[in-house]
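Could you build the full structure based on these sequences and the hints that come with them?
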Amino acid sequence: MPDESTRSKTATAKPLRRCPICNRPAADASRPFCSSRCRDVDLHRWLSGSYVIPATEGDEDDVE
Numbered sequence: 011m012p013d014e015s016t017r018s019k020t021a022t023a024k025p026l027r028r029c030p031i032c033n034r035p036a037a038d039a040s041r042p043f044c045s046s047r048c049r050d051v052d053l054h055r056w057l058s059g060s061y062v063i064p065a066t067e068g069d070e071d072d073v074e
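Heads up: the sequence shown begins at 11 in this note's numbering, then just goes up one per residue.
Where hints are given, some of them may not hold.
Restraint ranges, calculated between C-beta atoms of paired labels, are given here [said to hold, decoys possible]:
| hint | residue 1 | residue 2 | range |
| --- | --- | --- | --- |
| 1 | S60 | R34 | 30 to 38 Å |
| 2 | E67 | S46 | 36 to 44 Å |
| 3 | S45 | E67 | 39 to 47 Å |
| 4 | E67 | D38 | 41 to 49 Å |
| 5 | S40 | T66 | 30 to 38 Å |
| 6 | S58 | A37 | 19 to 27 Å |
| 7 | E67 | P35 | 40 to 48 Å |
| 8 | H54 | R27 | 19 to 27 Å |
| 9 | P42 | T66 | 25 to 33 Å |
| 10 | S40 | Y61 | 16 to 24 Å |
| 11 | D38 | A65 | 30 to 38 Å |
| 12 | H54 | R28 | 32 to 40 Å |
None of these hints come from the bench; they were simulated from the model.
Beta carbons: idealized from backbone N, C-alpha and C, even for Gly.
In structure tokens:
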């Protein structure tokens with residue numbers, strides 16, 4: 011059974027976040043990304059339209 015000092019360290023440890031672009035550990039300076047390069051790659055994907063929200067027929071609201 012873990013003692014109090016071990017339990018407090020594991021309870022306060024932050025979960026390891028991963029970069030959504032390359033899956034490396036995220037850096038605090040450019041969180042949630044690991045580097046400014048991955049942050050710029052993500053921005054380019056947004057601006058170029060690579061990220062889209064899928065829509066299906068019939069999702070439109072009827073405006074009366």
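Now the hints, each set against the structure:
As the Cβ distance of S60 to R34 is approximately 20 Å, the hint placing it in 30 to 38 Å is violated. Here the CB-CB span from E67 to S46 is close to 40 Å, well matched to the stated 36 to 44 Å. S45 and E67 have their C-beta atoms about 40 Å apart, which keeps the hinted 39 to 47 Å range intact. Taking 41 to 49 Å as the suggested C-beta distance range, the pair E67 and D38 conforms, at roughly 44 Å.
Distance hint check: the CB atoms of S40 and T66 are about 35 Å apart, consistent with the given range 30 to 38 Å. S58 and A37 have their C-beta atoms about 24 Å apart, which keeps the hinted 19 to 27 Å range intact. Separation of E67 from P35 is about 42 Å and conforms to the stated range, judged on CB atoms against 40 to 48 Å. For H54 paired with R27, a C-beta distance near 21 Å keeps the hint of 19 to 27 Å intact.
Checking the proposed 25 to 33 Å range against P42 and T66 shows it holds: the Cβ atoms sit about 29 Å from each other. Hint check: S40 to Y61, Cβ distance near 19 Å, so the stated range 16 to 24 Å holds. For D38 and A65, the hinted distance range of 30 to 38 Å is satisfied, since their beta carbons lie about 36 Å from each other. For the hinted restraint 32 to 40 Å between H54 and R28, the CB-CB distance of approximately 20 Å leaves it violated.
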